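Chains as they are written, first to last, in the numbering used here: chain W, 1 to 357; chain R, 1 to 357.
Same chains, same names: a pair is fine if it fits in one copy or spans any two.
No more than 27 angstroms apart at the CA atoms, straight line, and that leaves these computed lysine-lysine pairs for DSSO-like: (1) K140 to K217; (2) K75 to K140; (3) K275 to K184; (4) K231 to K342; (5) K218 to K231; (6) K218 to K275.
None of these hints come from the bench; they were simulated from the model.
Keep in mind the model is a prediction, meaning the values are calculated, not measured.
Number of protein chains: 2
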Amino acid sequence: MEQQLIFTQHVTEEIDRLADRINPARTFVLVDTNTSHFVLPLLQSESEAVKGATLITIPSGDVNKGLESAAIVWKALTAARASRHDLLINVGGGVVTDLGGFAAATYKRGIHFINVPTTLLGAVDAATGGKTGVNFEGFKNQIGVFSEADAVIISTAFFNTLTHSEMMSGYAELVKHALLTSNKEFTKVITHELDDSQDADNSTLLRLLEHSVNIKKKIVDADPHEAGLRKALNFGHTAGHAFEAMALKQLNPVPHGYAVAWGMVVETILSHMIKDFPSDTVHALAAFVRRNYGTFHFTCDDYPALLSFMAQDKKNHDAAHINFTLLEKVGHPCIDCTADDKQISTALDIFRDMMGI
Amino acid sequence: MEQQLIFTQHVTEEIDRLADRINPARTFVLVDTNTSHFVLPLLQSESEAVKGATLITIPSGDVNKGLESAAIVWKALTAARASRHDLLINVGGGVVTDLGGFAAATYKRGIHFINVPTTLLGAVDAATGGKTGVNFEGFKNQIGVFSEADAVIISTAFFNTLTHSEMMSGYAELVKHALLTSNKEFTKVITHELDDSQDADNSTLLRLLEHSVNIKKKIVDADPHEAGLRKALNFGHTAGHAFEAMALKQLNPVPHGYAVAWGMVVETILSHMIKDFPSDTVHALAAFVRRNYGTFHFTCDDYPALLSFMAQDKKNHDAAHINFTLLEKVGHPCIDCTADDKQISTALDIFRDMMGI
Numbered sequence: 001m002e003q004q005l006i007f008t009q010h011v012t013e014e015i016d017r018l019a020d021r022i023n024p025a026r027t028f029v030l031v032d033t034n035t036s037h038f039v040l041p042l043l044q045s046e047s048e049a050v051k052g053a054t055l056i057t058i059p060s061g062d063v064n065k066g067l068e069s070a071a072i073v074w075k076a077l078t079a080a081r082a083s084r085h086d087l088l089i090n091v092g093g094g095v096v097t098d099l100g101g102f103a104a105a106t107y108k109r110g111i112h113f114i115n116v117p118t119t120l121l122g123a124v125d126a127a128t129g130g131k132t133g134v135n136f137e138g139f140k141n142q143i144g145v146f147s148e149a150d151a152v153i154i155s156t157a158f159f160n161t162l163t164h165s166e167m168m169s170g171y172a173e174l175v176k177h178a179l180l181t182s183n184k185e186f187t188k189v190i191t192h193e194l195d196d197s198q199d200a201d202n203s204t205l206l207r208l209l210e211h212s213v214n215i216k217k218k219i220v221d222a223d224p225h226e227a228g229l230r231k232a233l234n235f236g237h238t239a240g241h242a243f244e245a246m247a248l249k250q251l252n253p254v255p256h257g258y259a260v261a262w263g264m265v266v267e268t269i270l271s272h273m274i275k276d277f278p279s280d281t282v283h284a285l286a287a288f289v290r291r292n293y294g295t296f297h298f299t300c301d302d303y304p305a306l307l308s309f310m311a312q313d314k315k316n317h318d319a320a321h322i323n324f325t326l327l328e329k330v331g332h333p334c335i336d337c338t339a340d341d342k343q344i345s346t347a348l349d350i351f352r353d354m355m356g357i
Numbered sequence: 001m002e003q004q005l006i007f008t009q010h011v012t013e014e015i016d017r018l019a020d021r022i023n024p025a026r027t028f029v030l031v032d033t034n035t036s037h038f039v040l041p042l043l044q045s046e047s048e049a050v051k052g053a054t055l056i057t058i059p060s061g062d063v064n065k066g067l068e069s070a071a072i073v074w075k076a077l078t079a080a081r082a083s084r085h086d087l088l089i090n091v092g093g094g095v096v097t098d099l100g101g102f103a104a105a106t107y108k109r110g111i112h113f114i115n116v117p118t119t120l121l122g123a124v125d126a127a128t129g130g131k132t133g134v135n136f137e138g139f140k141n142q143i144g145v146f147s148e149a150d151a152v153i154i155s156t157a158f159f160n161t162l163t164h165s166e167m168m169s170g171y172a173e174l175v176k177h178a179l180l181t182s183n184k185e186f187t188k189v190i191t192h193e194l195d196d197s198q199d200a201d202n203s204t205l206l207r208l209l210e211h212s213v214n215i216k217k218k219i220v221d222a223d224p225h226e227a228g229l230r231k232a233l234n235f236g237h238t239a240g241h242a243f244e245a246m247a248l249k250q251l252n253p254v255p256h257g258y259a260v261a262w263g264m265v266v267e268t269i270l271s272h273m274i275k276d277f278p279s280d281t282v283h284a285l286a287a288f289v290r291r292n293y294g295t296f297h298f299t300c301d302d303y304p305a306l307l308s309f310m311a312q313d314k315k316n317h318d319a320a321h322i323n324f325t326l327l328e329k330v331g332h333p334c335i336d337c338t339a340d341d342k343q344i345s346t347a348l349d350i351f352r353d354m355m356g357i
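Construct the entire structure; sequences and hints are all you get.
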């Protein structure tokens, strides 16, 4: 069965329709301690499937995204004698859909599961594409499998409990998908105002989200196991992960999407230097990022540490070059590009200049 | 890459050839405390790939086939910073290939792995077909995935350290595959003598094994995720698991293959009763099983317990009927057949009569 992506403001109707079609003997709902509080009551009051389901709760937060939490899910399924024909509904952000997907894909070698992402970041990224997993020994998603949910129900209905920075963090992935697509998409995304009163019902945001998730889907369908093309989705993430890691080391962590936003600026600069990516687009992106994400403060004394984080982040072929996904122009990613320390340092100089630090 | 099945008496040559082709940066070899002692020294002395590999050892036995042992493998891979392009070679019986396959398939969402089964049962069954997994909360293979090894190297070279009952236990699966194929294959398998001095080098056994594994491969390729046809491979296992479970409960465990051999006799009797399976083949099988496996002793007082085990063993659609794979004739399996308690009791009566108990 191909994965269904459903964009809707009527989540509970869709859950019940899908549950009817899958027709499991038993339904299970996975939440974390956050979504249990903020989202579950609504689903329980409106969805027959959720009302009749067995509830499984895991502690919230990336620090709890480990085998211990997966075991909570496996134990609950085992205790209820769940069969391969039963259904798990994952309700939450990326931690819940990654972990719930992994638990479902490995219980009796795979049962049905549906993802209901409750954050913008989860909706635009984690919940689709089949990457499931848990952290292990301090490494992110070290244990996991590729396994697509039967369906993903994407809605903006739960976003009203998110903070502004949680929203912006997810929005960075929309910007990334737009950069992988077309100038038209890019312009549309960077001119949308998240807090626009014209979009109080989030209908414009939902349409943007639909576009964005379908861009990802197209890439994933062409290369589900990341043999090549899918690496395009790593755009912004090599430099981004370095910012994220450095901020964490300085005990001043930044949201993932903020680090990716800054990383995309660095990597469009590199794309300009190495692949002749148009400079006006670099400037348009930098202005958008500076306005919405502020900046990350660092000096040239921090370059060696940032370069070292970048070298660790990717499977690099040799020590002298770091692997990047770059862009020739908007919509034309180029995977497995490399840059040396000198080029990256120059890009960081230009980044600091553009971001006013 | 399609799974390669290699039948050879030159195991180490094949390991090195495959390792050359996969060309991993790092190679890991998984053994248990048995194969570490009996098999590893030979491989280390003759194979360059094994000589240069990092060794991972887990405790032997089904009781150790759990997440704790999988974590030993994941930890060793993590400690060595293994990448998605590295290789795990699983050397052992079904426990090692099931567990090693699961660990490899879930580490960074899947690395290369090769199975080198060292028992007849492992060679004819567990090592091929992509069913990986570990036990959980007392349930066999409760956590796992479908993931085929890059290659399986099948040889009789390691069988000289197996006991007669270990050999016979594996041989039951060859009989099963023959019953799913043709009268010719069935006759060939039940007339082969395992201890025949004419086959001191096991070349005839290796050819029988090649036939048998290819029968399984054909079925698995047509239905890898057991949606239908693959259930044919469950032939003999509904009654067989009931004998196995009862023996275990009586603290007098029997080898898996022995239980399957008796189970096949019961299920050919049922096939005769329900599907008109030819009675002369029932008699030929019963005589072969009685001669080579002896029998399992039980009285009609044990029927309710046996029926209860059968009801638990399968995902039955209703309480009044138990699900079986039956045979219309040799080579014509019929999946999702049902029998009621009365029919099964009659089959058990006939079984006791035929087996002289």
